[in-house]
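A.B. asks: Here's the letter readout for the chains.
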Amino acid sequence: MVLQFLKDVAIKVGPPRGLLVPFPHGFALGKPSDAAGQSRVLSQALSLLERKDLTPPHLSVYQEEAPGL
Amino acid sequence: MAETSELSLSVRLFLKAYPWRKIKPTPWTQLQKPLSECKLALASSAGFVCPDQEPFDDHFKGGDPSYRWIPTGTDVSSLIETHRSQSFDHSGLEQDANLGFPLDHFRSFEIEGRIGALNHRHVSFMGSITAPGRFTAKSAPEFSQALVDDGVDVVLLVPV
Chain U
7 MVLQFLKDVA
17 IKVGPPRGLL
27 VPFPHGFALG
37 KPSDAAGQSR
47 VLSQALSLLE
57 RKDLTPPHLS
67 VYQEEAPGL
Chain Z
234 MAETSELSLS
244 VRLFLKAYPW
254 RKIKPTPWTQ
264 LQKPLSECKL
274 ALASSAGFVC
284 PDQEPFDDHF
294 KGGDPSYRWI
304 PTGTDVSSLI
314 ETHRSQSFDH
324 SGLEQDANLG
334 FPLDHFRSFE
344 IEGRIGALNH
354 RHVSFMGSIT
364 APGRFTAKSA
374 PEFSQALVDD
384 GVDVVLLVPV
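Same order as they appear, the protein sequences are chains U and Z. Its first residue numbered 7, the first sequence is counted upward by one per residue in our numbering. Its first residue numbered 234, the second sequence is counted upward by one per residue in our numbering.
Since the hints were made in silico from the structure, they are not lab data. Glycine included, every Cβ here is placed at the ideal spot set by N, Cα and C. It is possible that some hints are incorrect.
Said to hold, decoys possible - Reference excerpt, derived from the structure (chain U facing chain Z, CB under 8 angstroms, subset only):
no. : residue
1   : Asp14
2   : Ser39
3   : Leu54
4   : Lys58
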């Protein structure tokens, strides 16, 4: 399971399970010290592992607005 | 969202020319048990090291291909970031290492029962590797096998 920043790179590499995050490099989980926001990103990534309907390579898009970065 | 257009010209040219490796068929393993019973390890490309570990060598030609083991009991705030790239803002990682190594969050997930257990160690490497041959031929297979031997079911890779 991998978090991804750049969609075109994610498509080129095609990891088995990827979550595309709407944040800039260096801020993979969002804002510093935003524990709740970071946890939401991780939860969404983990939820991909539990899905049985996915086929590889799978890329999901994180479903929340980027917190003003 | 990170866009390729936001990167410097040299980085964009590098990304365009880089021989991205796509493995076909895509390796795929379905979880054989609930996530709440799985052992998880973190992998981070932020170049974090523990205070008593050697920093990644930013003069290593082609990018330092080595890796470090980060024990699960590590105080995340003590981790030192030694990533050599100047193409991204490091201030977030300096303020909050969980952005690149979310160990505190996974401790919470373990307590909550979201995951079964954290592995006793996690892997850290430095993602700016322009010549990845040594990393893909030696480092990655080595730490991957070690994680398999540890009984790890899931690895989450957090990039920078």
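A.B. asks: Just pull the numbers of the violated hints for me, sorted ascending.
C.D. replies: 3
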